[in-house]
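Protein chains: 2
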Amino acid sequence: MAICSAHTTTSLHSPCPTVSNTGFRQKQVIFFTSNRRSGRRHGGARTFQVSCSVEKPVVIGLAADSGCGKSTFMRRLTSVFGGAAEPPKGGNPDSNTLISDTTTVICLDDYHSLDRTGRKEKGVTALDPRANNFDLMYEQVKAIKEGQTIEKPIYNHVTGLLDPPEVITPPKIFVIEGLHPMFDERVRDLLDFSIYLDISDEVKFAWKIQRDMAERGHSLESIQASIEARKPDFDAFIDPQKQYADAVIEVLPTQLIPDDNEGKVLRVKLIMKEGVKHFNPVYLFDEGSSISWVPCGRKLTCSYPGIKFAYGPDTYFGHEVSVLEMDGQFDRLDELIYVESHLSNLSTKFYGEVTQQMLKHADFPGSNNGTGLFQTIVGLKIRDLYEQIVAERAGAPAETAKV
Amino acid sequence: MAICSAHTTTSLHSPCPTVSNTGFRQKQVIFFTSNRRSGRRHGGARTFQVSCSVEKPVVIGLAADSGCGKSTFMRRLTSVFGGAAEPPKGGNPDSNTLISDTTTVICLDDYHSLDRTGRKEKGVTALDPRANNFDLMYEQVKAIKEGQTIEKPIYNHVTGLLDPPEVITPPKIFVIEGLHPMFDERVRDLLDFSIYLDISDEVKFAWKIQRDMAERGHSLESIQASIEARKPDFDAFIDPQKQYADAVIEVLPTQLIPDDNEGKVLRVKLIMKEGVKHFNPVYLFDEGSSISWVPCGRKLTCSYPGIKFAYGPDTYFGHEVSVLEMDGQFDRLDELIYVESHLSNLSTKFYGEVTQQMLKHADFPGSNNGTGLFQTIVGLKIRDLYEQIVAERAGAPAETAKV
Chain A
1 MAICSAHTTT SLHSPCPTVS NTGFRQKQVI FFTSNRRSGR RHGGARTFQV SCSVEKPVVI
61 GLAADSGCGK STFMRRLTSV FGGAAEPPKG GNPDSNTLIS DTTTVICLDD YHSLDRTGRK
121 EKGVTALDPR ANNFDLMYEQ VKAIKEGQTI EKPIYNHVTG LLDPPEVITP PKIFVIEGLH
181 PMFDERVRDL LDFSIYLDIS DEVKFAWKIQ RDMAERGHSL ESIQASIEAR KPDFDAFIDP
241 QKQYADAVIE VLPTQLIPDD NEGKVLRVKL IMKEGVKHFN PVYLFDEGSS ISWVPCGRKL
301 TCSYPGIKFA YGPDTYFGHE VSVLEMDGQF DRLDELIYVE SHLSNLSTKF YGEVTQQMLK
361 HADFPGSNNG TGLFQTIVGL KIRDLYEQIV AERAGAPAET AKV
Chain B
1 MAICSAHTTT SLHSPCPTVS NTGFRQKQVI FFTSNRRSGR RHGGARTFQV SCSVEKPVVI
61 GLAADSGCGK STFMRRLTSV FGGAAEPPKG GNPDSNTLIS DTTTVICLDD YHSLDRTGRK
121 EKGVTALDPR ANNFDLMYEQ VKAIKEGQTI EKPIYNHVTG LLDPPEVITP PKIFVIEGLH
181 PMFDERVRDL LDFSIYLDIS DEVKFAWKIQ RDMAERGHSL ESIQASIEAR KPDFDAFIDP
241 QKQYADAVIE VLPTQLIPDD NEGKVLRVKL IMKEGVKHFN PVYLFDEGSS ISWVPCGRKL
301 TCSYPGIKFA YGPDTYFGHE VSVLEMDGQF DRLDELIYVE SHLSNLSTKF YGEVTQQMLK
361 HADFPGSNNG TGLFQTIVGL KIRDLYEQIV AERAGAPAET AKV
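These protein sequence lines are chains A and B, in that order. Read in order, the letters of the first sequence are residues 1 to 403 in the UniProt record's numbering. Read in order, the letters of the second sequence are residues 1 to 403 in the UniProt record's numbering.
Bear in mind the hints are in silico, worked out from the structure with no lab data behind them. Computed from a prediction, not measured in an experiment: that's the story for all the values here. Among the hints, a few may not be true.
Identical chains share a label here; the pair holds if one copy fits it or two copies do between them.
To be verified - Taking lysine-lysine pairs in the DSSO-like style, the calculated list, with each CA pair at most 27 Å apart, reads:
no., residue 1, residue 2
1, LYS308, LYS349
2, LYS145, LYS360
3, LYS273, LYS299
4, LYS299, LYS277
5, LYS308, LYS273
6, LYS56, LYS242
7, LYS142, LYS273
8, LYS89, LYS172
9, LYS277, LYS231
10, LYS204, LYS89
11, LYS145, LYS172
12, LYS349, LYS172
13, LYS120, LYS308
14, LYS308, LYS264
15, LYS208, LYS349
16, LYS360, LYS89
17, LYS142, LYS349
For reference, chain A alone in the conformation it holds in the complex (with noise of 0.2 Å):
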């Protein structure tokens, strides 16, 4: 433990050993108890941890409805960071979990309580708290921001069953998404950053249109009716979750095309919490006020409908955020360059970096809209967040030395 002195943690490229290597392991690994398994420790690695503070992930959390372009939006965060997320490797092939070099994404559906055969004796969705074990997802997600090996389950969705659990290390940035990441209190204070993908009744709609009735061949009817079933639990545990998030991407009908449903063209709000450590929010042209800009003209020329963007303040559940709106989709890369160089705040590293980022996931879903662009843009947020965290505690202990 030699190695793990105070000036190592000064450095984002010789972080402490994890706690996952050799034979550290066995001790600081919390174990997933609700499997049959019985075994929880957490002493040791504490200790280890407060000498280590760079290896302590900075937390993330995502949530959104199945189906929700959240994958999408995982695939943008980590190449942001210059990786691509893979599945463990050697693991069980239906594990839900993405690792990239700096990232590791879990889905929070690893830690229901009831299967799929339990659910239904029970008769309840998986949206139900009830179906979910949140302690177990509390002590994990504290044991990896400790900087602490977990074993985590794995409910495998292709049998709705819970397989043998998989071991999880701590990354520098660890992200849980799916129905609860902010739904129970005690995670919901360990989140560095949330983030919560709104999808309006009406598009959530049309997407499920598009793909159940027009690719599986299901009835408008049956359609219509699984999404009725789905709402009252939706509503009374995953909706209220976006009042707490720090982000929020609201994705809703186009104004440009009156009376639209196709679900194609979107507009697409970035609702951006004031007063968040470590987060600026973007903003267009002029901070703090009221703007709308349509920015094909003279200078760029759009097809139908066009593209307009909307920015300023607004209340959001009480709390005073700026919102950054987009309506319409881009055409050609040119409109994506011009759009960005009149954006502020972005914390781009270099000019034209949404822009390269967008290009280089120019078939991900959303690539020519604010889907994509918002979730581009949350990524590059996370990084400089997480490169502020880094910076301030490897300030820290310097502080500390001069005193």
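Based on these hints, arrange chain B on the given structure of chain A.
Only chain B this time, still in chain A's reference frame:
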């Protein structure tokens, strides 16, 4: 004439001697001929002017209905050049002319061919071209533009009679303001820049009620009748001139107060023609795109009903234009400097010059709204246009000398 060599034309501060000086005057005066005078001489002066291009005034046309703020506009314009405009010294006390160091403003009512009695006898209004002498207007504006002194008639607004003429010498900037500066094609072609003050019927009515009913005790019916009586000729002869203007200041009722008809809070548009030589339209944030901006927010608080700006490309009588709009009014100085700092292409000489000008004349009508702001901005654009023209004239001989 040896003092009038090419190099003197390059300096704004060392102009050639004006034709009003000493013995030259008698040879170059273009006489007022309609008031029982007969002499009209053109020849000699032109030869003189070829080598003294700096003396040829820049000619500006300002069209508007009577009582629509032309004189305030003129006071703002002359102030931009650093001087105050006053009636000619020792002349007719009822002269309509204003003279400052740089600028001479004449009122085109002086070219009425019919006095008040004459108009009454023939049943024509002052708006009717038949009551105006466009031949003389053309000849005299042309003469001034060529650097010649004129003897211009005076229409006495107090007596309604044509008074003996006054001598007008060519200034640096010659402004013709009145009902018909762009009516006659020959006069129009002499203008280096033209402005139309377009007061909407609703605002005109509200203003007239304020002045004639509240202050002069006229009845609402008589006010309505007088507006109605003027309208056909106004629509036929005055209003169509706006299509020729390089800049139009359009004054409309506010849209910030639902169903407002008081005419106190105004929405003002500055319509700027594209492609006009020496005139670069002002823009807000992003040239050529469409913007709306409510500056009131986190940095700026505004009292009801607030302030709203809009900017964007448009067409106006088939011409490409850029339109800047301000709805609402300023509460305090800091609002104006805040707005100024976000406008581009203002042609100011230092940061805050618009605000300084507006503050200097805070007692002028419209100083808290878009009329004063846009009049000031147009004043700055005219100064810029003037300086560009002078620089161009100064540059031309030098270019020739190289060949």
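Hints, one by one, checked against the model:
Within a single copy, LYS308 and LYS349 get their C-alpha atoms as close as 26 Å, which meets the 27 Å cut-off; across copies the closest is 34 Å, which misses it. Proximity of LYS145 and LYS360 under a CA criterion of 27 Å is satisfied in neither setting, with 31 Å inside one chain copy and 61 Å between copies. Taking CA atoms no more than 27 Å apart as the test, LYS273 paired with LYS299 passes between copies only; the shortest distance there is 17 Å, against 33 Å inside one copy. When the C-alpha separation of LYS299 and LYS277 is checked against a cutoff of 27 Å, the pair qualifies only between copies, where the shortest distance is 20 Å, while the shortest distance within a copy is 37 Å.
Taking identical chains as interchangeable, the C-alpha atoms of LYS308 and LYS273 lie at most 27 Å apart whether they share a chain (22 Å) or sit on different chains (25 Å). For the homomeric pair LYS56 and LYS242, the shortest alpha-carbon distance inside one copy (26 Å) is at most 27 Å, but the shortest distance between copies (69 Å) is not. When the C-alpha separation of LYS142 and LYS273 is checked against a cutoff of 27 Å, the pair qualifies only within one copy, where the shortest distance is 24 Å, while the shortest distance between copies is 64 Å. Taking identical chains as interchangeable, the C-alpha atoms of LYS89 and LYS172 lie at most 27 Å apart only when both belong to the same chain, with a minimum of 18 Å there against 82 Å between chains.
In this assembly of identical chains, LYS277 and LYS231 lie within 27 Å of each other by CA distance neither inside one copy nor across copies; the values are 34 Å within and 63 Å between. Proximity of LYS204 to LYS89 under the C-alpha cut-off of 27 Å is found in neither arrangement, the shortest distances being 34 Å within a copy and 78 Å between copies. When the C-alpha separation of LYS145 and LYS172 is checked against a cutoff of 27 Å, the pair qualifies only within one copy, where the shortest distance is 10 Å, while the shortest distance between copies is 75 Å. In this homomeric assembly, LYS349 and LYS172 come within 27 Å of each other (Cα to Cα) only inside a single copy, at 19 Å, whereas the closest approach across copies is 52 Å.
When the C-alpha separation of LYS120 and LYS308 is checked against a cutoff of 27 Å, the pair qualifies neither within a copy, at 46 Å, nor between copies, at 57 Å. For the identical chains of this complex, LYS308 and LYS264 are intra-copy neighbours only, at 16 Å inside a copy versus 32 Å across copies, given an alpha-carbon limit of 27 Å. Taking identical chains as interchangeable, the C-alpha atoms of LYS208 and LYS349 are never at most 27 Å apart, the minima being 37 Å within one chain and 59 Å between chains. Taking the shortest Cα distances, LYS360 and LYS89 sit within 27 Å of each other inside one copy (25 Å), while across copies they are farther apart (74 Å).
Taking the shortest alpha-carbon separations for LYS142 and LYS349, neither the intra-copy value of 31 Å nor the inter-copy value of 60 Å comes in at or below 27 Å.
Checked against the numbered hints given earlier, the structure breaks hints 2, 9, 10, 13, 15 and 17 and satisfies all the rest.
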